[in-house]
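Enquirer: These are the residues of each chain, in order.
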Amino acid sequence: MKKSLFLLTAALLGSPALSGASAQKVTLDLWAHWGSEQRRPTINRIIDTWNKKNPNIQVKYTFVPFDQLPTKTLAAIAAKNPPDVVVIDIRTTPLRAAKNQATDLSKLGADSLANQFYPNLWATATYKGDQYGLPFVTDTRFLYYNKDLFKEVGLNPAKPPTTWDELEAYAKKLDKKTGPVYSRIGFHPLYGSFGLESWVANAGGSMWDQDMINPNFTNPVAVKTLTWIKDWTDRLGARNVQAFKSSFGSGAQDPFISGKLGMIIDIGGYAATLKKYAPNMNYGMVRIPTPTGQPGPGTSSGGGFNLEVPVGTKHPKEAFAFAKWMATEGARIWAQEQNDFPGAKNASLSVTTPAFRLMSANMKYTQVNSAPPYAPSYGTILDKATEDAVYRGADPRQALEEAQAQVQRLVNSNK
Amino acid sequence: MSRAAPVHPPRRGLKARHREALWGYLFIAPWLIGFLCFVLGPMLFSLYASFTNYDITSRFDWVGVRNYVQLLTQDTRFWTALYNTAYYAVFAVPLGIATGLLIATLLNQEVRGQRLFRTIFFLPKVLTGVAVLLLWLWVFNPQVGLINTALYRLGVNENNLPLWFGDPAWSKPALIIMSMWAAAGGFMFYLAALRGVPRDLYESAQIDGASPWRQFWAVTVPLISPVIFFKLITGISGALQFWSESLILTKGGPSDSTLFYGLYIWQTAFTDLRMGYASAMAWILLLITLAITGLQLWFSKRWVHYEGEVR
Numbered sequence: 001m002k003k004s005l006f007l008l009t010a011a012l013l014g015s016p017a018l019s020g021a022s023a024q025k026v027t028l029d030l031w032a033h034w035g036s037e038q039r040r041p042t043i044n045r046i047i048d049t050w051n052k053k054n055p056n057i058q059v060k061y062t063f064v065p066f067d068q069l070p071t072k073t074l075a076a077i078a079a080k081n082p083p084d085v086v087v088i089d090i091r092t093t094p095l096r097a098a099k100n101q102a103t104d105l106s107k108l109g110a111d112s113l114a115n116q117f118y119p120n121l122w123a124t125a126t127y128k129g130d131q132y133g134l135p136f137v138t139d140t141r142f143l144y145y146n147k148d149l150f151k152e153v154g155l156n157p158a159k160p161p162t163t164w165d166e167l168e169a170y171a172k173k174l175d176k177k178t179g180p181v182y183s184r185i186g187f188h189p190l191y192g193s194f195g196l197e198s199w200v201a202n203a204g205g206s207m208w209d210q211d212m213i214n215p216n217f218t219n220p221v222a223v224k225t226l227t228w229i230k231d232w233t234d235r236l237g238a239r240n241v242q243a244f245k246s247s248f249g250s251g252a253q254d255p256f257i258s259g260k261l262g263m264i265i266d267i268g269g270y271a272a273t274l275k276k277y278a279p280n281m282n283y284g285m286v287r288i289p290t291p292t293g294q295p296g297p298g299t300s301s302g303g304g305f306n307l308e309v310p311v312g313t314k315h316p317k318e319a320f321a322f323a324k325w326m327a328t329e330g331a332r333i334w335a336q337e338q339n340d341f342p343g344a345k346n347a348s349l350s351v352t353t354p355a356f357r358l359m360s361a362n363m364k365y366t367q368v369n370s371a372p373p374y375a376p377s378y379g380t381i382l383d384k385a386t387e388d389a390v391y392r393g394a395d396p397r398q399a400l401e402e403a404q405a406q407v408q409r410l411v412n413s414n415k
Numbered sequence: 001m002s003r004a005a006p007v008h009p010p011r012r013g014l015k016a017r018h019r020e021a022l023w024g025y026l027f028i029a030p031w032l033i034g035f036l037c038f039v040l041g042p043m044l045f046s047l048y049a050s051f052t053n054y055d056i057t058s059r060f061d062w063v064g065v066r067n068y069v070q071l072l073t074q075d076t077r078f079w080t081a082l083y084n085t086a087y088y089a090v091f092a093v094p095l096g097i098a099t100g101l102l103i104a105t106l107l108n109q110e111v112r113g114q115r116l117f118r119t120i121f122f123l124p125k126v127l128t129g130v131a132v133l134l135l136w137l138w139v140f141n142p143q144v145g146l147i148n149t150a151l152y153r154l155g156v157n158e159n160n161l162p163l164w165f166g167d168p169a170w171s172k173p174a175l176i177i178m179s180m181w182a183a184a185g186g187f188m189f190y191l192a193a194l195r196g197v198p199r200d201l202y203e204s205a206q207i208d209g210a211s212p213w214r215q216f217w218a219v220t221v222p223l224i225s226p227v228i229f230f231k232l233i234t235g236i237s238g239a240l241q242f243w244s245e246s247l248i249l250t251k252g253g254p255s256d257s258t259l260f261y262g263l264y265i266w267q268t269a270f271t272d273l274r275m276g277y278a279s280a281m282a283w284i285l286l287l288i289t290l291a292i293t294g295l296q297l298w299f300s301k302r303w304v305h306y307e308g309e310v311r
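Chains as they are written, first to last, in the UniProt record's numbering: chain G, 1 to 415; chain V, 1 to 311.
If we strip away everything but chain G, and leave its shape as in the complex, we get (with noise of 0.2 Å):
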């Protein structure tokens, strides 16, 4: 027992100095957004489980919150004091390349590895041929149909809305007003997460040339987009459609398990929400519908997280090492734990619950789109332009022709 005992002591002591010995130890420091209850222990168990595997790279993780991600690497990247890996939004990659700020990780191999990897996810980190990050997690949008709600109003269950003919004629039907108000919408194309972009996308447009250098705001598809969702509005009344969407909220306020809305477009991890929230509604999950019916590459759009490695690191080596197992093995521990939609697919077919199959088979359907490297906030002046002419009567073309004009200004000083 004493000498047991003795042995032990000596085992825990002489570990250290042990593993204090060996030359190349490093620790990499990673930075991401996840700290709450739900997601901590899950990016704990990845680490963890590197850490047992690899004495000489230790992994610290370093929670920082989600909006001050960015501006922080940012900051860190400039001071020359970087985090080894960061997890960060998968479409300002290309941006970053641009800017110098992610690693070229072709450099260091990574070329290799894009099979295992969706293409379009992959695609999201090439720039100029080269590869900036390895995606780690992505969603891809469904729509959501209520059968109970579909019932009432003499449509038949079984067969969803295919065509945008269809769902306009759908959505018409599940309308309710109680007096001069709505009590329920059938379908709108701007509630939930679909916005003008996803829909041009949708119809099989594009708002960038290939490069994703000019706006080509003003293509007939998404002229006539914008009309079709401006018309929609118009039918239902502009006040009314924006008064009805101030009173969404979450939990039992969300509008489609309230039954406020009897169709909706959400990510694919809206089904786990639906499974905890509203454990007995009757719904259905199918792809979104298009103009023709047919689906496209554009035809659900997806967003997440890549893996970089910022530029200034003191071990590029380790640190995609780490990134490497962390987009493959440690994705398939977070997709089992968070049932976020890994970019890598042994990962994503480690998962094998219905709403997972439909998402890995949405893939192909679903566009990842990168911000376009000269003009990263265009978001905000196409929403503009959106809003100015879905609710506030102005010319579809005409807005879009303004907001175009805007954005090529900020690319061509960007340049």
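One or more hints might be untrue.
Claimed, not checked - Straight line, CA to CA, 27 Å or less: simulated DSSO-like cross-link-like pairs of lysine-lysine:
no.: 1; chain 1: G; residue 1: Lys80; chain 2: G; residue 2: Lys276
no.: 2; chain 1: G; residue 1: Lys25; chain 2: G; residue 2: Lys276
no.: 3; chain 1: V; residue 1: Lys125; chain 2: G; residue 2: Lys99
no.: 4; chain 1: G; residue 1: Lys107; chain 2: G; residue 2: Lys276
no.: 5; chain 1: G; residue 1: Lys245; chain 2: G; residue 2: Lys128
no.: 6; chain 1: G; residue 1: Lys245; chain 2: V; residue 2: Lys251
no.: 7; chain 1: G; residue 1: Lys151; chain 2: G; residue 2: Lys276
no.: 8; chain 1: G; residue 1: Lys128; chain 2: G; residue 2: Lys324
no.: 9; chain 1: V; residue 1: Lys251; chain 2: G; residue 2: Lys72
Worth flagging that the hints you see were computed from the coordinates, not collected in a lab.
Given the coordinates of chain G, work out where chain V should sit on it, guided by the hints.
Expert: Below, chain V alone, put in the same frame as chain G:
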């Protein structure tokens, strides 16, 4: 070892006055160094950056006055932001002063439980941050909010109720009404000033038959005018830098109606990474603030009354 320490003869020219000054500088050195390193240094850097295309990590080329020219001649959002900020300052500052003064006057009355009231009205200064803003979001909710419910009860037609943060015409007034909440908490300044007004002045005025209203304008206001002036200067420069509320509540929308100057600077600097351009905007704001403050100082001679001042 026993040698006495040499006695320095007092150096020539270093008189007591100079020595004292030297000590003075030594004592303020921590602040002075901080100011030079963390205020003046960055300011000069940003002045230089405003003539470049600085983007923090990849370029820093001299572009002359291009940023300034572009701002003033091509950037419509710059003018929108300037207009929104001016609109906010013009309404929020006078209303804020009036609110603070009104509350202070009420809290200066001799009534039972006055201490409690003073504490309650000071609470807004303690309670700030995102939680309070989210509360306001609920107050202004067009459907279930406190304000619209009250308006509806008062007989305003359902279709005429303001949409507040959903309508460009009402989003700025909503933010101004919101700012009154914080302004009310600033009553302490006015209260201190009100307490300093000599009682006998009111007594004389009463003997002359002045109404309370007249007493307020002829006695109170002139005597507390330095405080009002102070609040005017700090209030305007504060209003010109107002933007974090709009970032949290409206993100500058709807239709750019709450795109304030500070928000636009922040967006330009940290979303577009155009640090040089943003620096130019910051310097324009400094010039505007300096000009307004200068004008106020000049005007103040006409209406601000300092006790013991000989005219």
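Enquirer: Give a verdict on every hint.
Expert: A quick look at each hint next to the structure:
1. In summary, the hint linking lysine 80 of chain G to lysine 276 of chain G is not supported, as the alpha carbons are separated by about 44 Å, beyond the 27 Å threshold.
2. Distance restraint check for lysine 25 of chain G and lysine 276 of chain G: the Cα-Cα separation of roughly 44 Å exceeds the 27 Å cut-off, and the hinted pair is therefore not satisfied.
3. Distance check on the hinted pair: lysine 125 of chain V and lysine 99 of chain G sit about 42 Å apart at the alpha-carbon level, beyond 27 Å; violated.
4. Note on lysine 107 of chain G and lysine 276 of chain G: the hinted pairing is violated, with a Cα-Cα distance of about 45 Å set against a maximum of 27 Å.
5. Proximity of lysine 245 of chain G to lysine 128 of chain G is assessed by CA-CA distance (about 41 Å); at most 27 Å being required, the pair is judged violated.
6. The hinted pair formed by lysine 245 of chain G and lysine 251 of chain V meets the criterion: a straight-line CA distance of about 17 Å does not exceed 27 Å.
7. With a CA separation close to 24 Å, the supplied pair lysine 151 of chain G and lysine 276 of chain G stays within the 27 Å bound.
8. The hinted pair formed by lysine 128 of chain G and lysine 324 of chain G meets the criterion: a straight-line CA distance of about 21 Å does not exceed 27 Å.
9. Of the supplied pair hints, the one linking lysine 251 of chain V and lysine 72 of chain G holds, its CA atoms being roughly 20 Å apart against a limit of 27 Å.
Of the numbered hints given earlier, the model fails hints 1, 2, 3, 4, 5; all others are met.
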